[in-house]
Amino acid sequence: MSDLQSPTTGKNGAGTATAGKASEEAPTEATAGADEPTATRRRSLLPQSTLLRHLLVLLIAAVGAVVLLEITDPFTNSQLATLTYYAIAAGGLTVLTGMNGQISLGHGALMAVGAYTTALFLSADEPLPLPLILLAAIVTATAVGALVGVAAARLHGPYLAGATLALAVGLPGLAIYFHDVLGGEQGMRVRAPRAPEAFESFISAVSGNSATNTKWLAYLGAICLLITYFLLANLIRSRIGRTWRAVRDQEVAAELAGINLGAWRVLAFVVSAAAAGLAGGVLALVVRLAAPSGFTLVLSLALLTAIVIGGLGSLLGALLGSALLVFLPPFVTDLGTGWGLNNTEAAQLAPFVYGVVLIVAMIFAPAGFVGTLRMRWLTRQAKRSAAQPSRG
Amino acid sequence: MTVIAAATAASTLAACGGSDDGGGGDGGGGGGDASANEASDIGITEDSIKLGAHFPLTGVAAPGYSEIPTGSQAYYECLNNEGGVNGRTIDYIYRDDAYNPTNTSQVVNQLVLEDEVFAIVGGLGTPTHSAVLDFLNSEGVPDLFVSSGSLLWGEDPETNPYTFGWQTDYESEGKIIGQYIADNFPDAKVGLFLQDDDFGEDGEAGIREYIDDQIVAAERYTPGNTNVGPQIAALQAAGADFVVGFNVPSYTALSQLTALQLGYDPQWFYSNVGSDPTLVGSLLNNFSQGQVSDASLLDGALTTDYLPTVDEPDNPWVQEFQRIWDECGGEGELTNYRIYGMAQAYTTVQALQAAGQNPTRDGLVEAIEIAGGDWEGPVLAPFRYSEDSHMGTAGMSISRVTGDTTEEVEPVQLTDIGGAEIEPFDGEMAEVPENGIPNEESVID
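Protein sequences appear in the order of chains D and A.
Mapping of the first sequence onto numbering that gives the first Met the number 0: position 262 corresponds to residue 261, and the numbering continues sequentially without gaps.
Mapping of the second sequence onto numbering that gives the first Met the number 0: position 387 corresponds to residue 386, and the numbering continues sequentially without gaps.
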């Protein structure tokens with residue numbers, strides 16, 4: 000199984016044909032986005048080594064992020080900051096759901112763990128450096144994720160959804176129960192550390208814009224996002240990613256191949272929880288508050304819809320789905336106001352349109368944006384290689 | 000901190016510059032002289048002032064609260080028809096945060112950075128507004144008249160110089176309720192029914208200052224948990240024959256239904272937040288699936304007021320607000336929430352007038368600190384605004400719900416947080432100005 004999925008198969012002509020045919024059958028509708036490496040023959044200029052390729056993409060994405068943040072206005076900067084924490088959490092969730100086939104309705108709660116950890120560390124008189132605090136948020140969420148993962152590894156489908164749902168509903172309640180430490184219903188206010196001077200000189204060197212706190216938080220989120228996606232992308236393309244897919248697609252075959260199903264499921268949950276923890280930390284900094292009402296079930300469901308709309312198992316899909324989550328509601332509300340609706344009606348339009356988009360996407364693009372595009376591309380590739388079996 | 004200081008200095012310079020050619024700034028009057036108007040700060044043009052707000056327009060907190068901005072909107076529209084403030088019309092933008100602090104932070108970013116409002120006015124909710132408190136104060140955006148009775152908004156003007164409270168804070172409310180019980184029900188065994196957050200905590204602290212020895216039980220509920228059976232049963236078991244509730248309207252309905260099931264019939268006293276009879280009536284109808292059709296269960300319950308209410312049709316303020324709603328409002332009836340929004344808009348206009356011909360953000364804050372304590376209007380008791388306090392109104396009256404109306408059982412009492420005494424308010428009800436538009440002098444020049 001793992002040999003077949005290795006990109007090295009594409010080195011000779013016969014192998015190419017095999018990979019092409021296998022790919023025609025391999026991607027199932029729901030997880031088409033996850034199966035990129037199975038059949039991709041790279042004729043592009045990208046390097047052969049996965050690590051080098053990802054480093055190159057990371058570099059391009061970093062330059063793209065700086066350009067994007069510098070040409071947009073401050074409000075779009077703040078929206079992009081919001082996008083980063085949704086995208087980090089959605090990226091982690093898409094690894095869990097898309098790559099490993101486990102569902103989680105509890106990622107909002109794991110984000111709460113990260114957010115409260117960040118808030119607690121920052122409320123100290125002399126807080127630790129920010130990277131250490133975010134690392135602590137990741138570690139705490141990972142620990143909680145490992146606990147949940149052990150339970151989750153034994154459960155399937157609706158039972159797993161139910162168990163993680165309990166997490167989403169129950170965990171924020173702890174903040175109210177321990178209200179002396181965690182601030183109860185009104186939450187813990189977070190004072191984000193100010194931007195270092197190096198950042199200010201960087202911004203004035205790049206674009207001459209003023210280095211506001213909003214911009215600093217957007218950059219912080221973008222850095223976290225890029226690092227997370229870089230690590231996740233490498234993980235997905237590695238032996239670990241292949242094993243996850245094996246566990247997802249064929250439990251029996253995977254077990255016969257010597258894979259310990261439970262352990263690999265727990266690992267998937269832990270990785271995904273770590274991403275959620277970091278997302279929670281960034282959220283606390285961007286929102287400047289960690290409060291139970293920010294981590295309702297709606298948040299967990301929003302993350303799930305984001306990865307489904309974007310395309311399960313694809314990091315790009317998770318990013319696109321998160322973008323829809325952030326940019327669609329204000330866009331629809333402004334559109335509604337433009338049509339002469341009053342502010343209340345315009346506000347009520349946003350959830351409605353989001354629901355319609357979700358339904359339309361499920362009907363016409365059941366594999367999500369990225370998944371559907373990739374399916375088309377793969378089908379075309381497969382047809383072409385079937386027509387010319389000995390090309391190359 | 001350096002950035003804040005720099006911003007303040009810059010704005011102060013701007014304010015000085017404005018005052019040089021402000022032309023004396025006749026603060027009052029609806030029409031004013033528009034020719035001397037300048038675009039004196041962000042959100043202010045020669046002929047408009049942009050104000051922003053965040054409210055729950057969708058989601059669980061929307062019933063009731065979503066009506067507040069419609070009241071404010073109606074008031075501003077009627078005001079604009081009469082010429083606005085100093086020849087500037089008010090452009091009021093309110094956005095939905097669904098009572099989720101994460102959304103609040105996004106919509107307030109949008110209001111401040113994209114819509115570029117002059118000030119945020121009446122943002123609703125303690126957890127929601129907490130999320131934007133630091134942002135607004137570090138950006139130097141006036142954050143007026145927060146729709147919440149938390150002490151956070153006004154207690155510490157040094158930390159939050161741009162934020163002002165508006166309604167009576169929960170601690171002062173608790174004190175006034177405590178004293179009323181001590182005077183009128185000295186033998187009552189009092190039970191407390193509290194929301195488990197600042198709201199319940201502040202209220203309890205206030206009430207315990209007066210009747211600590213009368214309290215036999217204090218039960219707390221967690222918002223979101225709809226089963227209050229254990230709490231009500233515990234109050235009943237403790238022998239409480241007088242229950243004071245610091246809770247939101249849905250829990251007024253739940254506590255009433257639960258008490259009905261348990262055959263428990265104490266004297267009820269609901270604090271202002273949870274007592275709106277119309278909303279509680281519709282919630283009762285909803286929760287009991289039609290078995291209880293109106294607020295008749297509330298008959299005889301006591302409550303507090305800091306504003307006139309719709310069940311006082313003879314009150315001149317209510318009559319004026321009714322006129323404004325009929326002329327400039329949208330669909331639906333005038334409700335207490337809409338009166339709240341209009342009264343808040345009225346105070347906002349007072350602040351804008353006091354800030355002079357060409358208001359600046361810092362000038363607006365200064366104007367409220369200087370003049371805010373003397374303003375009269377629909378709010379029953381004066382505000383506490385000064386350089387040392389940004390707390391809102393200081394007093395409340397107590398009334399009893401009887402059928403569809405309420406009757407006042409104790410006139411307006413004044414107090415403050417901390418050890419301040421309670422005193423009866425000796426002022427008269429303010430007269431309604433022409434067209435319901437205040438006429439304050441500018442104090443900035």
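These aren't lab readings, by the way, just hints derived from the structure by calculation.
Idealized CB from N, CA, C, for every residue including glycine.
It cannot be assumed that every hint is accurate.
Said to hold, decoys possible - Chain A side only, calculated, beta carbon under 8 Å to chain D, not exhaustive:
1) L56
2) S137
3) G329
Unchecked claim - From the derived model, a few chain D residues whose C-beta atoms are all more than 10 Å from chain A:
4) I175
5) I222
6) V286
7) V297
8) L298
Chain D contact restraint on A/L56 - CB to CB distance below 8 Å: holds, 4 Å
Verdict on D/I222 as a residue remote from chain A, using beta-carbon distances over 10 Å: Non-interface label stands for D/I222: nearest chain A Cβ at 20 Å, farther than 10 Å.
Interface hint outcome for A/S137 [beta carbon to chain D under 8 Å]: holds, 7 Å
Non-interface claim for D/V286, where every Cβ of chain A lies beyond 10 Å: Given that some Cβ of chain A is not farther than 10 Å from that of D/V286, nearest at about 4 Å, it is violated.
Proposed interface contact between A/G329 and chain D, which counts if any beta carbon pair is under 8 Å: holds, 7 Å
Non-interface claim for D/V297 versus chain A (Cβ beyond 10 Å): violated, 8 Å
Minimum Cβ distance from D/I175 to chain A greater than 10 Å, as the annotation requires: violated, 5 Å
No chain A beta carbon within 10 Å of D/L298's: violated, 8 Å
Checked against the numbered hints above, the structure breaks hints 4, 6, 7, 8 and satisfies the rest.
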